[in-house]
Every structure is written in C-alpha cells, then in structure tokens.
Amino acid sequence: MANAVISLSNMRDGQQALVSTVEGGRGLVEKLTAMGIRPGKRITRFCSMYLHGPITIRVDNVQLSLGRGIADKIFVIPDGLTDEDTSCR
Amino acid sequence: MKILLAGNPGAGKSVLFSRLTGSLVTSDNFPGTAIGFSSGHMRVANQNADVIDTPGVYSLGSSGQAGEVARKMLRDGDIIVNVVNATNLERDLYLTLELLEERIPIIVALNVWDDARHIGIEIDVAELEQMLGVPVVPTVATTGEGIKYLVESIPRAVMRANPAATREERWSRIGEIIGQAQKVTHRHHTLGESLADATVRPLPGTIIALLIAIAVFAFVVYGGEAIYKFIAQPVFNALWLPIVSAISNLTAGVPFLHDILIGRLFDGQIDFVESWGLLTTALYVPFALVLPYIITFYFALGLLEDTGYLPRLAVMIDTIMHRFGMHGYAIIPTILGFGCNVPAMLATRVLESRKERFIAMTLIAIAVPCASLQALILGLVGQHGFQYVAIIYATLLTVWIIIGIILNRAVKGFTPELLIEIHPYRLMPWKLMMEKLWIRVRGFIIEAVPIMVIAVPIINLLYLIGVFQAITDFTAPVVSGLLGLPKEAVAAIFVAFFRMDAAMALLAPLELSAKQLVVSSVVLVMFFPCIATLMIMLREMGWKSLLIALGIMLCSGLAVGALLNLLPI
Chain A
-4 MANAVISLSN MRDGQQALVS TVEGGRGLVE KLTAMGIRPG KRITRFCSMY
46 LHGPITIRVD NVQLSLGRGI ADKIFVIPDG LTDEDTSCR
Chain B
11 MKILLAGNPG AGKSVLFSRL TGSLVTSDNF PGTAIGFSSG HMRVANQNAD
61 VIDTPGVYSL GSSGQAGEVA RKMLRDGDII VNVVNATNLE RDLYLTLELL
111 EERIPIIVAL NVWDDARHIG IEIDVAELEQ MLGVPVVPTV ATTGEGIKYL
161 VESIPRAVMR ANPAATREER WSRIGEIIGQ AQKVTHRHHT LGESLADATV
211 RPLPGTIIAL LIAIAVFAFV VYGGEAIYKF IAQPVFNALW LPIVSAISNL
261 TAGVPFLHDI LIGRLFDGQI DFVESWGLLT TALYVPFALV LPYIITFYFA
311 LGLLEDTGYL PRLAVMIDTI MHRFGMHGYA IIPTILGFGC NVPAMLATRV
361 LESRKERFIA MTLIAIAVPC ASLQALILGL VGQHGFQYVA IIYATLLTVW
411 IIIGIILNRA VKGFTPELLI EIHPYRLMPW KLMMEKLWIR VRGFIIEAVP
461 IMVIAVPIIN LLYLIGVFQA ITDFTAPVVS GLLGLPKEAV AAIFVAFFRM
511 DAAMALLAPL ELSAKQLVVS SVVLVMFFPC IATLMIMLRE MGWKSLLIAL
561 GIMLCSGLAV GALLNLLPI
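Quick mapping for you: the protein sequence lines, in order, are chains A and B.
Letter by letter, the first sequence follows residues -4 to 84 of our numbering.
Letter by letter, the second sequence follows residues 11 to 579 of our numbering.
It is possible that some hints are incorrect.
Unchecked claim - Computed Cβ-Cβ distance ranges for the label pairs, DEER-style:
#, chain 1, residue 1, chain 2, residue 2, range
1, A, GLY22, B, GLN57, 39 to 45 Å
2, A, ASP67, B, ARG127, 34 to 40 Å
3, A, ASP67, B, ILE468, 56 to 62 Å
4, A, ASP67, B, ILE455, 47 to 53 Å
5, B, LEU437, A, VAL0, 38 to 44 Å
6, B, GLU162, A, GLU18, 45 to 51 Å
7, B, ILE224, A, VAL0, 43 to 49 Å
Source of the hints: derived by calculation from the structure; they are not laboratory data.
Bear in mind the structure is a predicted one, so any value in this text is a computation, not a measurement.
Glycine is no exception: its CB is placed at the ideal position from the N, C-alpha and C atoms.
Extracted from the complex, chain A is given alone in its bound form (with noise of 0.2 Å):
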C-alpha cells in the first residue's frame, strides 16, 4: 500500500507524501508549481476543515490552504512516513 498513488484528498492528516502528478488545467498546474507543489516535493497533509471544507498541507515551511476540488487533482505517493507534530488534534 505504501508506494500506491493516491489524491491529497485521500491522505490521510499527519500523513506524508511525495507529488507525482498534478491533474489540472495549464493555469492550475502553473498556479500550484509556483506555490511550491511540484512533482517530487514532499509535503505533509496538516489538517482538515469539518465537512469537507478546504485541507492545510505543509511543502518545506511554507502551509497552503486548499479545495476538495483541487486536492482530487493532486496525486501523490505516501512514503509511510507520519509527522507527530502535525497531526491534526
């Protein structure tokens, strides 16, 4: 299970992850690369708002908010690892 590609979406909190693809119209991949989610970069999915509401994930030191709908669109490969620190309690 552990090299599977999933979507930020499915991650679960505290989780970590490598970017292998990102899923989206040329205007949002660009929007995302220059925000700091690229293929290859590590990020750890932080939190999550109730009812579906948007996911705080964290790429180097930099946290970024996002939509359900853009986070089914960014695939990632969990590598097992888990941050204490950023667990969502």
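Starting from the structure of chain A, add chain B where the hints point.
Okay, now just chain B, sitting in the frame of chain A:
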C-alpha cells in the same frame, strides 16, 4: 532613478517599502490587494530615487491581474530589489531566476533572516551571491536589521540578463543552488508554533475564531463608547460649546444665518445632534459620534490584518461561504465592509469569478453596515437597551444568509475553490501599525467631513423651502403604512444616499419608539448604498448587474422593514 521592489506574496515587500521610504502604505497581509501599487521616495548614493512596491507574485508568468501589473511595472524600472523570504528560499528563488533573465540590475534582499535562523535554516550568503551573480543582503524588515546595508548596497546591483530558460531548467538550477548554499537542521515544534497551528485546526480553530469575533466586537463597541464619553463629548461640551453659544448669540438677529450655522435651539439650548447646523451637527456627528468607532474598528482590523490571522479565518469559514456561492476568502472584503463599504467593494477583486464577486458585493451592500452607520445605531438605538441593537444585527445576519443562499442558486457561473498560502504569524512594529491606523482615520476625516459640511446646510435649506414636506406626503403610504414610521422619516432615506450617519442623526428629533428605530435602522442599512459605494459598484460590476443588485436591495429592504413592523418587538 526608479527602484522596484519585487517578490513573492508574504516576502515582506510592503514593510521593507516603508523602511526604505519612511512612509507607510496600507500593506495588507493577504495577497492580491497590493494591486493598486504604492510609491515613495528615498535617497541612494546622494541621489533622489523613486521606490515602487509591485504586487506580490510567485512567478512572472502568473496569470491574473497581479501578474500583469507586475510585468508591466518591471519594464520601466532602473533597479530591482528582489525581496526573498529566507524561510522559503527554494520557492522564492524561482521568481529571482526569472528576474535575472530581464535586462535590469538586481540586488537580492534576503528577508525574514531572523526567522530562518530560528527554524534551523542556514544560508551561506557568500555562496548564494556567487551562484546568483548579484549582491545578496540579509534583512529583517520588521525590525529594520540590515536595511542600512541594503540601501548602501543598492548601487552595486548587477544586471545578468541570463538567457531565457524553461521551467524545468530553472527548477533544476534552483536545486543546485539550494544544495550548495542552504543547510537545514531538523528541529521540533515550539510552543508558539503549536498555538499558531491550533488556529487552523477545526475544533480549537472554530472556538478561537468565535472568541476573536466576540473580543473584536466588544473592543470596538466599548472602546468606541469610552472614547466618546471620556474624550469626545467632554471636549465638545467644555471647549466647543462656549464658542458656538457665543456665535449663536451673535447671529440671533439674523435668523437665516443662525439657521445655517447653528440650527434650531431647544429651550434656548444647542443640541449637538438635533440642532442641525454647520457648526453643531455637521461637526459633532463625524468627530464626536463616529470617529471614536472608526479608531477602534480600524485598530482591531489592523491587528487582524498585520498579524496574519485573516487567511486562517478564510479557511475556517470556507465551507459555510460555499453555501452562498463564494469561497472562504470572501469573508475578508465582508469584514472590511464593517469599516466602509467602498474599500470592501475594491477588495472583492481578489475573488476570481464574476458570480462570486457579484454575490459578495451585493451582500456587503445589503447587509453590512459601515462604521459610521453602526456608530449612530449604537448611539441612538443603544439608549433604548442593547437587546434592540442585537435585534438589528440578528436581522441583518439572517438577511445575509437567506439572500446568500438564494443568490447562490439564482446567479449563473461557478465558484472557484480556495487556494491560499497561510503565512506565519508575525508582529508588526507598533510604529507602522499606528501609522496605518492614522492613514485610515485621516481618510475618514477627509472623506466624511466635507460631505457633512456640504450636506447639512443643503438638507437644512431643503427643509426651509419645504421640499421634504412635499415628498413626505407622497411617500407617506409606504413609510407610514408599510414600515410604521412617521412620514417625516423619508427624509432620512434620501439623506442616506449621501451620508449614512447623517441619515440616522436626522431620525433623532423624530422621537421614534425603540421598534421604529429598529425598523428604520434595518431599512437604512439594506435599502440603498451611499453614493460612494454606488459609484464603486457601478465601476466594478457594470450597470446591468448594478440594477439587479439595487432591485434586490429595494425589494428586500421594504419586505424586511414591513415584516419587522408586523412583529411584536
């Protein structure tokens, strides 16, 4: 010489700008609003230079208004100071590499240098300088550290004009630079960071958001009241009253002049709210009644903006805002609207879709009272008991929710998803916060006082020649029949077009009951925007959308007013 500041959102450009120029711009802590750029002056190597703060962008290729503005501005600069956030070196260098391809001298300000060290990031400045081929100066804009050296180094800026590279080439070059010039040591979360994290976690975040909302409301209301009671009112009564009383006596023989300058007397006494003269009401309403709340509101708003809390609020409230066809970011213009609707309308520009902007603007115009109007509501309605003020706010919140849900269904178009960066909390220097507050307070005085000074005598004149009496009889069926107000209250609705606070003040002499005050307050908020808001809405949404928005306001304002009149309040 023209010096441009360029950098990613949150790199600290605007604070650096005020450090370099010594003057302050309203630099809001969320991306997008810097689109109207600021410019100032500084001295470099004994020469005068213009400094221009460009909008924060992640890349020169960025689509959208900010990217366009940034690209345009770069073309006519002489030197670029590229502000790079040292805690996000890798990402921020992308823009740096793009800038290095332009034919313009560049110097890098490696900002937020102190935080980078605290979180275990070590940057070899000499190595970075070597690899980029331009000077790099570590700075801490918020404390002023390194600014002097940056200014001295500006003449050393170097033009690289590197050959144009592809995206992949730039990222691989950044990989090399980071590998050589940056060392990161792992370290655990500090207590402060854990507290900061709590504000985006669902449960603690929601509780904190509610507590902040209550604290802000209490501070604005009670702080404003305290300034009014202990400063504004005593100053007017002790210092100004003797002067205007003397003028009143002097002009007693010239009734027309007395009516214009002083207004009506009550038992031979001046009443600052009800006399309605140029030297009485026209000055007392803006300076004594409204100004205290303007000060407390913008102080609280400045704190929320500068610490960086607002984007977190946008995340917390995103799910709710989607029910109204907007994403969470729309809460920020809405909050601005409680100060003044005009900047709020401009701030909706950060929202991406037409649908979202139309809904946000319409809801602000209908259900968000500006500080001037709120000050008078608190003053006039609050006398009858706080529960009546609560009824007004509860009604407006309900209206906001219901119209929001309807508009979400009725307006065609799409609602984009939220995508924002949450910058770390930071403390702004007090001096900068106070300057920003002063700029906003001054803005209120410059805009509100002249309109009051012009409007008060005109309204007075219209009364004297009987214009309002004519309108009064014509509109009586609606005003009295439907809303249950004395027919003279229609004058307030007209005046609200110019100044909302003046309109409320006009109600003061009518001796309205608490219920009538509730009805008239709600109608004034909902019915029609003031002329300044109307002009901005026209510019931002076009006349077709504006007519629809106005239709919604008139219908819902009348309906809610009539409904409140029927309820036993």
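Going down the list of hints, with the structure as the test:
The hinted range of 39 to 45 Å is satisfied by GLY22(A) and GLN57(B), whose Cβ atoms lie roughly 41 Å apart. Range check, ASP67(A) to ARG127(B): about 38 Å between beta-carbon atoms, so the 34 to 40 Å window is met. With their beta carbons about 58 Å apart, ASP67(A) and ILE468(B) fall inside the hinted range of 56 to 62 Å. For the hinted restraint 47 to 53 Å between ASP67(A) and ILE455(B), the CB-CB distance of approximately 50 Å keeps it satisfied.
A C-beta distance of roughly 42 Å is found between LEU437(B) and VAL0(A), which places it inside the suggested range of 38 to 44 Å. Between GLU162(B) and GLU18(A) the beta carbons are some 49 Å apart, a value that agrees with the proposed interval 45 to 51 Å. Checking the proposed 43 to 49 Å range against ILE224(B) and VAL0(A) shows it holds: the Cβ atoms sit about 45 Å from each other.
In terms of the numbered hints stated before, the structure departs from none.
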